[in-house]
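*Asks:* For the protein sequence lines, the chains are Y and E, in the order given. In terms of the working numbering, the first sequence opens at residue 7 and continues consecutively. In terms of the working numbering, the second sequence opens at residue 7 and continues consecutively.
In case anyone wonders, no lab produced these hints; they're calculated from the structure. Hints may contain errors.
It does not matter which identical chain is used: a pair holds within one copy or between any two.
[Claimed, not checked] Calculated pairs, BS3-like style, for lysine-lysine (alpha carbon to alpha carbon, straight line, at most 25 angstroms): (1) K594 <-> K558; (2) K531 <-> K558; (3) K369 <-> K247; (4) K247 <-> K213.
Please read these numbers as outputs of a predicted model, since none were measured by experiment.
There are 2 protein chains.
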Amino acid sequence: MKTENPPLLIPDLQTIADLAAQLRVDSIRSTTSAGSGDPLPSMSAADLLAILISRHFRYDWDRATRTPDNDHLIFSKPGASPLLYAMYKAVGVISDNELVQDYRRFGSRLQAHPMPILPWVDFATGSPGQGLPEAVGIALAGKHLENLAYRVWVLCGESELTEGSVWEAMETASRYQLSNLITIVDASQASQRDSKGLDFDLETYAKRFEAFGAHVIRVNGHDLEEVDAALARACGGFESKPIVILAQTIKGRGSSLLELDDSQGNPLPPGTSRQAIRELGGERHLMVRGPKPTQRAASVIQDTELDDDAPALTYTSDAQISTQSAYQDALLDLAGRRANVVLLDAEVAHPTFDHKFAATFSKRSFELGFAEQQLVATATGLSVRNFIPFASTSAAFLTRAYDVIRMAGISGASIRLVGSHAGVEVGADGPSQMALEDIAMMRSINDATVLYPSDAVSTQALVEQMANRTGVSYLRTTLGGYPVLYEQGTAFPIGGSKVPLSSSNDHVTLVGAGVTLHECLAASKLLAEMGIRAMVIDAYSIRPFDGSTIRKAVDSTYGRIVVAEDHHPEGGLGEAVLTALTEGTKSKVRIEHLAVRDIPSSGTTRQLLSATGIDREAISQAAQRLVDGH
Amino acid sequence: MKTENPPLLIPDLQTIADLAAQLRVDSIRSTTSAGSGDPLPSMSAADLLAILISRHFRYDWDRATRTPDNDHLIFSKPGASPLLYAMYKAVGVISDNELVQDYRRFGSRLQAHPMPILPWVDFATGSPGQGLPEAVGIALAGKHLENLAYRVWVLCGESELTEGSVWEAMETASRYQLSNLITIVDASQASQRDSKGLDFDLETYAKRFEAFGAHVIRVNGHDLEEVDAALARACGGFESKPIVILAQTIKGRGSSLLELDDSQGNPLPPGTSRQAIRELGGERHLMVRGPKPTQRAASVIQDTELDDDAPALTYTSDAQISTQSAYQDALLDLAGRRANVVLLDAEVAHPTFDHKFAATFSKRSFELGFAEQQLVATATGLSVRNFIPFASTSAAFLTRAYDVIRMAGISGASIRLVGSHAGVEVGADGPSQMALEDIAMMRSINDATVLYPSDAVSTQALVEQMANRTGVSYLRTTLGGYPVLYEQGTAFPIGGSKVPLSSSNDHVTLVGAGVTLHECLAASKLLAEMGIRAMVIDAYSIRPFDGSTIRKAVDSTYGRIVVAEDHHPEGGLGEAVLTALTEGTKSKVRIEHLAVRDIPSSGTTRQLLSATGIDREAISQAAQRLVDGH
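Construct the entire structure; sequences and hints are all you get.
*Replies:* Structure follows, in structure tokens:
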């Protein structure tokens, strides 16, 4: 359903020059008013933005969130939010008053770094070198999943080009031929110090981007005609390459006072501010809007096309299935029922499964290679377009992406991460391959969901729920095959737990998840031989955590509780249990917390569970100590 | 004190070819015997290694750890440990029996991935793309701190070149002109799948490395003469550039069975193994050693040149000093007394201080730019050469380096990390700049030390101890100025705590660290007005944690305890307290845990501490709730 745009009044270059001056003036006004922030990183890029928004950025400002063909604009450059907000004033979506009075204020939506509480911001930026990787995810969606013509524009600062994440992004962008991704580098040599060679020349930047597969256009970032021509050429595309516009700029551009200033990181004092604004021609209140997109999509892609049929999987109770393979089965099944489910994978993890998924859903499978930051950033980008990304790799290597996960948490992005190779259960591959801090890492992310199932049935139920879950959710899986514990169809609500073993008069509570749940169940048999009855809790939902069941169990077992986890003792299941128990139990609690306290070795799973003291014997002995203690 | 090397018997190419065959055979034997691991990634690089160790790698194998001029060899390529261990057999430092019987076995020193329990291994590898960044740290020490002629050789696999950390490393290597760093890329197209374009051609690799400032030499990795010539040229140096040897190889090279094999990740079954070994000419037990280094250094650099004088700093009790600036003062002072203290810094953090440090200790200050993985990896590399690196940046951005920190923990590397911009205390800069998960992240690192001082005096004492601390240690600092609480010279042992306020009959215990300690002290005054006496604990050492003082305090205050932390509730101070309390208190504990539970906004520090519910009023109210509860 194509609709024609109304004829456009393209602003002339003089108007755009005035607009650029306004953007500079407003960047000075907002920072001086806030008493923090720095206008200089905004002033260098003002000409670039003025041309972009008045002539090339296709956006229906009146229907921001309801126009699927709108271009995207990502402010990756740290510290340039004054320019972004000045632009919002110029297109008329915020008032001058809000711009000047609210910037960086408590409770305001004009935060120091852009936040998606603003309807025109896709995700939080502010961590250097992260806007581009996430923009890659959006461009990937447009080009390979949605087949829409929107472009993804990214403003980068030059100082963030030292981040490795930038190169993971460019390599992915060129591999996937993201010609809809246009990165504008504001090269003002404005990195916050004149340190040893950190400021490269444009030639070096150009070589690097070209070597990573981009088409590079170099411009004088203050020559409006040149910038206009470059952006027009960029929109034309180059051999399916991502495009990088390297703009040589001057950091305090427009103010003779500031162009030579080497102080930075702070707003201008009021006197300097007034003088600079005068030199820039004073306050202006131009309103300029560029073209609207040619509408092609009927509506924003909806989150779900859920078929209410239950998943087709069934597991028999005598099967030995790893939760990693159950996750794979569940994802294949889910993707068959929900058209927005996308698999993202980093090198190595599970080639057989990836091939199988790619064979069935070839368009919805992306391989990122050994590039964990890009793996997670792609998920964040896809979530902006309402896809349901599952990003999976070895859990230990997700630590590489911790900052990207942190920013996804701040953004409130709905992404699903799946980490295999959890804990010493990994066995022979040794400590570098064993995730032993992933639960701590994920629990401390804003609003995160942390799941750790023990069998195939619960894994399937949890994967199903992750698809509907908002925010960052994490599934920890196990490589080894373990028995199916639950009947098909059992509900495993996020925030719940299971009690697979209990009697009316148990002596001790055993809590496990993943491999340690199986060890708790085995320990209960050893204990039964000694006349000790154990209640066993499956803590499959580590965050949110089912404190109520734990508290009841502890009260009914004389305050005795053993927690066993295949993870370091800090920040994991054990401390989640302790936090839950602070809400009050009737009994005085006595807890034994079994966890991985030393560097593991290579070995067999059984050797390592035993040496680490988290196996059935260790659990049984801990329970005995508690029972003997009373 | 130069000593002449004895004349060398340089092995001829036929001997080296035999050696390469032996390395391949032994890689097959060890993996087949272990029943896990894969010989193929080793076989492709066998010719490269055979030439390297017999002709170019300068190493005194009889005095491995006592020869400061020894070259370094870093196996960055994941999965190539069979080749490394086969090489150790070939130079005669491990037996054939150990090689075949111990590889990947429980408790063995021949772990799946190289570990520094072996005297010839500098740090743990196994996480893709990390060996090179850490090698950069060693090369930096050799070139800029020690002025020694040792070379740092790195074997990389091509699949790890997608990691951004590789490019952070190359950029640092070229900026610091590390011509003593020679990276050999084994390009066998052996990435574990034939996915969409992951396997680049050598041309692309060459362009990328050249764009990042390396001198690139391309070779056929199976032509011994060519490889020999390339390594010789590499040793000659090229315009102070780091050198990259791109070796085209074949992954199962040497066995017609394996060259075409596309299975991978697994050892050969015994039948195939026997056949491949036969084709390679059977088992061999050659011993070949290359040249020893020309000795120039008198001894390995010692850890310390400690001058017993106490630090020269003094703080008066009415000063308002940030712990960040107290850290800077302490480091400047420390560096004046200990010649091995080195400052590493990432862009942005604290330019004034960095300039001051660089002005005083110009050779011991390195700027890594926005490249946090490289920041920490450089520290790991420097620690190999017995330097005392302090790597400081904004704490939130240290999350970017979490995998590098994890590997440092596994290596047992002694590195010191300092993170500023902790928590909502940061104020106007907003959530992307606020570290709210750093304590969880650092606590869960193997054997880590986590410190969080509240005033200048304690900061100084802790920095002093960090210099002597083994393993990964982390100091969390605050930006705002706060009163000096302690007298100069007060001891702050790691693992201890302080009780700045107590009486003989307190009603409640308040626990804080950093900014919340000041809030606890202020809360105690509010409480005193209501007749409630509070004991206040300064938990400056979060790991190891002083559980004993907490338990005594809780027992003496009727089980009532308030913990306030400027961090997410998961994995931080509060859970450290809970873990400490599991060891048993006489009283039933009632705890109020105040922490940052939502996404903060921009704002002033006071607005944010209040909105988050961790300020003096919130602490006072929590204490009242506990007191009222009984």
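*Asks:* For each hint given before, does the structure comply? Return the numbers of the non-compliant ones in rising order.
*Replies:* none
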